[in-house]
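> For reference, the chains in residue letters:
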Amino acid sequence: MQKNWWKVLCIILLLYTCTYGFLVPVPDPPGVPLKQTIRNLFFHVPMWIGMMVFFSISVINSIQYLRYLNPKYDIRATEFARTGVVFGLLGLFTGMIWAHFQWGKAWSGDVKQNGAAIAVLMYFAYFVLKGSLQDEEKQARIGAVFNVFAFFMLFPTIWILPRLSESLHPGGMGSEGNPGLNPKDTTNAMRSVMYPAFIGWTLLGVWISTLRIRIKLLSA
Amino acid sequence: MFTSRGCLLLVFMVMLSATLFAQAPGAEPENMFTSNGKLGVVIAVVVTLLVGLFLYLISLDRKISRLEKK
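So the protein lines, in turn, are chains H and U. For what it's worth, the numbering used here labels the leading residue of the first sequence as 1346, then goes sequentially. For what it's worth, the numbering used here labels the leading residue of the second sequence as -5, then goes sequentially.
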């Protein structure tokens, strides 16, 4: 049980997010058309936070694989990348729903949307590459090298380019904040749900990944 | 395959949906579910989903732990 405290934390944080997240008062500043949809901050944005965390864990394990050539690290890297892709796709789809009602179109070619889609496609390529190789050691080694490359493509696609050009998202050129958040219409009450939401959703993904890793290790 | 926990969950969900039918027109009692534009109903649905997903994850976790012990 001592090893499972973070799973309990995940459950508590997500139950808190999915109840108080609907009840917490949100600001409605004039000129900002978000209204109640700002609550998506507790559901849509954590998908991206989670994706970044999983891809980071994945690339660390890929580097560890290249150093020690232990298949354990390759399994970890693959499964965390897989959860990262799932969270990335969920982030894209939830973002499209939000965009449909907020920006009028599900896909308006916003620089952040395109960047995120490219990032997810890069990781699709990772799985295609691994799947196309027969030899398990080659699969692990080439996969690990590609994973490092894919991770460093994440920087321009989701952290740099969205800040350099005009974007519908917050944090683009000439607007305040970062690509996920506009500090002007975020209150402390919202932060009291936002950070637990980030941690809770991320822990959920870690939990799912560890389950997959354990199955893989069992069958290996 | 229905475990006893799964059946309990199903019963709980059916009971929750009863709150949807309980609204006679014209007479809307103000309780946790119907206040604030019936937002409580959405919260009940989301919490039910979450609890179901967590129970599923926990049962998977236990199954894998059992396999690991073998």
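Don't read these hints as lab results, they were simulated from the structure. Among these hints, one or two may not hold up.
To be verified - Between beta-carbon pairs, the in silico distance windows are:
#, chain 1, residue 1, chain 2, residue 2, range
1, U, Thr42, H, Tyr1413, 56 to 66 Å
2, H, Val1490, U, Val36, 30 to 40 Å
3, U, Lys63, H, Val1377, 47 to 57 Å
4, U, Lys32, H, Gln1447, 20 to 30 Å
5, U, Gly46, H, Glu1482, 22 to 32 Å
As the structure is a prediction and not an experimental result, all values here were calculated from the model. Note that CB positions come from ideal geometry on N, CA and C, so glycine has one too.
> Hints the structure violates: just list their numbers, smallest first.
1, 2 and 5
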